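Residues per chain are reported as follows:
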Amino acid sequence: MTDFTRRALVKGGTALGAAGALTGPALLDWAKAWAQNAPWKPEKGAKLSMLRWKYFVQAEDDAFVKLIAAFTAATGVPVDISRESYEDVQPKASVAANTGTGPDLFWGLYSLPHLFPQKCMDVSDVADYLGKTHGGWVDSAVKYGKSGNKWIAIPICYSGALINYRLESSKKAGWTKFPTKTDEFLEYAKAMKAQGTPGGFALGHASGDGNTWVHWCLWAQGGQAVDASDKVIINSPETVKALDFAKNLYGSMIPGTASWNDASNNKAFLAKEIHWTNNGISIYVAAQNSAKDVAADMDHAYFPIGPVGKPTELHLMYPILAMTYTKYPQACKALIAFMLAADNFNPWIQSAKGYLTHCLNEYDKNPVWTADPKTTPYRDVAKRSLTAGGLGSVGEKAATAIADFVVLDMFANVCTGREDTKGAIAIAERQLKRIYR
Amino acid sequence: MTIALDQNRPARSYREVTRWDRLKTNRNWLAIWFMLPAAAFLILFLAYPLGLGVWLSFTDARLGRDGVFVGLENYEFLWDDTTFWLSVFNTLLYTSVASIIKFAVGLYLALLLNERLPFKAIIRAVVLIPFIVPTVLSAIAFWWLFDPQFSIISWSLKKMHVITTNIDFLGDVWNARASVIFANIWRGVPFVAITLLAGLQTVSPSLYEAATIDGATPWQRFRFITYPLLTPIIAVVMTFSVLFTFTDFQLIWVMTRGGPVNATHLMATFSYQRAIMSGYLGEGAAISTAMIPFLLAAILVSWFGLQRRKWQQGENND
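Protein sequences, first through last, are from chains A and B.
Quick note: the first sequence, position 119, residue 119 per this note's numbering, numbers continuous.
Quick note: the second sequence, position 35, residue 35 per this note's numbering, numbers continuous.
Any given hint could be a false lead.
What the hints assert, rightly or not - Each pair of labels, with its calculated beta carbon distance range:
1) B:L300 / A:G423: 34 to 42 Å
2) A:A228 / B:I163: 50 to 58 Å
3) B:F45 / A:K150: 41 to 49 Å
4) B:W85 / A:G45: 56 to 64 Å
5) A:G423 / B:V68: 30 to 38 Å
6) A:G76 / B:F45: 39 to 47 Å
7) B:W85 / A:D420: 12 to 20 Å
8) A:P307 / B:V70: 37 to 45 Å
9) B:V68 / A:A228: 56 to 64 Å
10) A:D122 / B:W144: 42 to 50 Å
11) A:K231 / B:D66: 22 to 30 Å
12) A:Q288 / B:V162: 50 to 58 Å
13) A:A228 / B:F89: 34 to 42 Å
Said to hold, decoys possible - As a list, the in silico DSBU-like pairs of lysine-lysine whose alpha-carbon atoms are at most 30 Å apart:
14) A:K190 / B:K158
15) A:K267 / B:K24
16) A:K172 / A:K310
17) A:K353 / A:K92
18) A:K247 / B:K120
Stated by the list, open to error - Residues from chain A shown here face chain B by an in silico Cβ test under 7 Å; the list is partial:
19) S94
20) G204
21) H205
22) G251
23) P255
24) S259
25) D404
26) T416
It is worth saying that the hints were derived from the structure and are not from the lab.
All values reported here derive from a predicted model rather than from experimental measurement.
For glycine and all other residues, C-beta sits at the position ideal for the given N, C-alpha and C.
Construct the complete structure from the given sequences, taking the supplied hints into account.
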């Protein structure tokens with residue numbers, strides 16, 4: 001918990017100048033000016049508390065703390081931040097929504113607000129204001145943010161999951177650029193394994209890395225868990241094709257991926273054991289500090305495109321929501337709008353070093369995406385991402401299917417040979433039918 | 001004192017002794033009064049949550065939302081759920097294999113520690129270490145030991161040219177099961193060993209002396225003195241050991257999260273995944289409730305066993 005008292009602010013004031021365009025006093029002046037012009041005036045004596053996902057990049061959290069401190073200085077509203085691992089925000093938010101007490105703001109994962117849309121404050125005015133002033137929202141953000149006609153959450157950022165690969169070994173295998181089509185990817189994986197530089201995707205219960213790649217794989221071949229009306233359609237020839245593709249790919253992966261969690265591929269990549277995988281930018285960030293040769297010899301690429309002919313990536317979305325039970329709705333709206341105001345958001349997204357991607361088009365211009373060309377692919381993840389649930393609704397059901405690893409287990413069952421394609425699909429179909437009933 | 005004086009009535013008239021008066025002063029009831037706080041504690045923190053869990057298993061409650069009564073619907077779904085039966089199989093395998101080995105190794109260690117050894121006190125303390133280390137820490141250590149790429153075991157064997165590729169400890173179904181069972185044994189042996197050691201020390205040395213004079217071999221001394229006298233404590237230790245193993249959660253959750261492809265999901269971890277991760281509280285509660293018959297069976301075996309004098313005083317004394 002970080003409690004912003006005036007003293008903490010004075011102490012932090014000297015450190016404020018570390019990153020970003022605005023430094024110490026300038027940031028405060030700007031924040032004050034912003035607060036005066038903002039459409040939302042916090043209530044008198046307002047205090048806010050927020051539960052957010054726990055950071056992956058320390059610098060991001062530092063920048064966030066500064067941003068909140070500036071808000072407190074400008075508006076006099078103290079903000080109490082607590083942090084939880086991103087998987088644990090959801091249960092806490094559900095309980096808070098149900099009991100009507102808890103933090104005012106929750107910043108969680110994927111479709112969190114859609115678990116209890118009637119308990120989320122209507123933030124349509126904030127979304128419209130931000131969309132108008134910052135170049136508009138990307139499509140997937142609109143789908144995540146809106147329930148019916150109103151916005152129930154503000155999509156703050158994405159965490160991109162893209163291909164990470166080594167340059168030298170790829171070149172040796174005959175690929176100067178990472179393949180862009182799924183067929184080529186299969187050949188690439190085979191060639192890489194043949195020369196002793198294999199890669200791998202997580203098939204264990206890895207909430208991030210595991211779920212992102214199997215959904216890409218399913219969707220790339222035209223498979224879908226449900227259709228637009230949430231009818232279960234997993235049992236299809238396209239799904240079979242996707243599973244066959246994955247099984248082939250699995251044959252060219254390094255052994256052991258069935259036990260991988262979210263951290264495994266990072267470790268293996270940094271230790272030069274694997275030469276391609278899917279991940280956020282964290283491997284690259286870590287390599288710049290601890291394995292400079294790996295950082296110099298790696299790059300990022302979009303997931304290859306399958307027979308469906310368009311990107312089918314799934315990236316992690318982080319929306320923020322305010323609960324209807326909050327006593328200070330204006331303060332909540334002011335804080336959300338403040339977080340996404342350019343002078344705040346730019347240094348913050350920059351401090352995340354590419355780990356987080358904006359959902360507002362204006363921030364494409366942020367220098368973090370061009371200063372180092374290796375981060376550029378992550379600029380576009382919000383535009384390329386499909387939403388949880390694929391064709392189906394973004395909501396509780398989609399969130400449950402992801403949290404219960406239905407698709408991931410289907411792929412793991414087939415790849416490891418525990419079940420044949422038919423059996424694996426039948427298990428997934430049964431589970432999905434229960435979730436989507 | 002069973003008569004109370006009532007001041008308002010005329011003198012010499014006595015009030016009837018009420019039941020309440022008796023209750024207040026009865027020594028047997030006094031015991032009940034003293035037990036009440038403990039009983040309240042047990043009801044509030046044990047019976048109530050247990051009852052609530054069983055009730056939840058008959059509802060379609062979701063995380064953060066009350067459910068409605070759906071009867072046996074959750075159980076019916078689980079009955080046809082292959083993953084559920086896999087978790088039952090895993091739990092039984094995990095419990096039986098780990099308990100038997102823990103007992104064998106624990107008993108061996110206890111007998112060893114009961115001998116005259118140099119630095120006995122230190123050795124006994126060292127044996128306890130696996131039990132003292134927080135489970136999550138030891139689980140993380142094992143997770144590293146069994147890592148598919150960085151396992152020190154694979155590395156050493158490779159350097160010794162025993163194997164050429166890394167052993168897939170946690171990625172292969174049976175390897176993964178063996179690995180988590182090994183970790184559980186490592187953690188559980190000290191409990192068995194130290195408790196049995198305490199039991200061994202209550203065996204009177206004169207029995208051994210008498211047996212030795214009668215020409216008993218070491219095996220006979222163990223078989224006819226140590227073992228019969230140790231049975232009650234073995235029953236207690238093994239009951240606890242089985243209960244702990246059956247309900248294990250942390251080791252699995254840290255090391256495999258139930259993977260690969262649910263091959264190490266125990267009923268406890270599976271229940272957590274369905275109830276908390278996916279939010280199906282009712283279904284998760286049903287999985288937990290399904291553990292109760294197994295646990296009751298384990299308790300009953302030792303309970304009835306302990307009632308029998310044969311168990312307490314040797315083979316032929318019924």
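Given G204 (chain A) as an interface hint, is its Cβ closer than 7 Å to any Cβ of chain B?
Given a least distance of 4 Å, the restraint on G204 (chain A) holds.
Range first: 37 to 45 Å. Now tell me if the beta carbons of P307 (chain A) and V70 (chain B) are that far apart.
Given range 37 to 45 Å: holds, Cβ gap about 42 Å.
Please test the hint of 50 to 58 Å on the beta carbon pair from A228 (chain A) and I163 (chain B).
holds, 51 Å
Outcome for the supplied range 30 to 38 Å, where the beta carbon pair is G423 (chain A) and V68 (chain B)
Holds, at about 33 Å.
Using the Cβ atoms, figure out if A228 (chain A) sits within 34 to 42 Å of F89 (chain B).
Once the Cβ atoms are compared, 39 Å apart, the range 34 to 42 Å for F89 (chain B) and A228 (chain A) holds.
Hint validity - P255 (chain A) Cβ closer than 7 Å to any chain B Cβ
holds, 5 Å
Within 41 to 49 Å or not, the Cβ separation of F45 (chain B) and K150 (chain A)?
Given a distance of about 43 Å, which is inside 41 to 49 Å, the answer is holds.
Would you mind confirming whether the straight-line C-alpha gap from K267 (chain A) to K24 (chain B) stays at or under 30 Å?
It is violated: about 70 Å lies between the C-alpha atoms, which goes past 30 Å.
For the range 56 to 64 Å, tell me whether the beta carbons of V68 (chain B) and A228 (chain A) fit it or not.
violated, 29 Å
Report holds or violated for the interface hint on G251 (chain A), using the least CB-CB distance to chain B and a cut-off of 7 Å.
Result: violated, 14 Å to nearest chain B Cβ.
Restraint outcome when D404 (chain A) is required to lie within 7 Å of chain B by C-beta distance
holds, 4 Å
If I claimed the Cβ atoms of K231 (chain A) and D66 (chain B) lie 22 to 30 Å apart, would that claim hold in this structure?
Roughly 28 Å apart at Cβ, these two residues keep to the hinted range, so it holds.
Violated hints for the displayed structure, listed by number in ascending order: 9, 12, 15, 18, 22.
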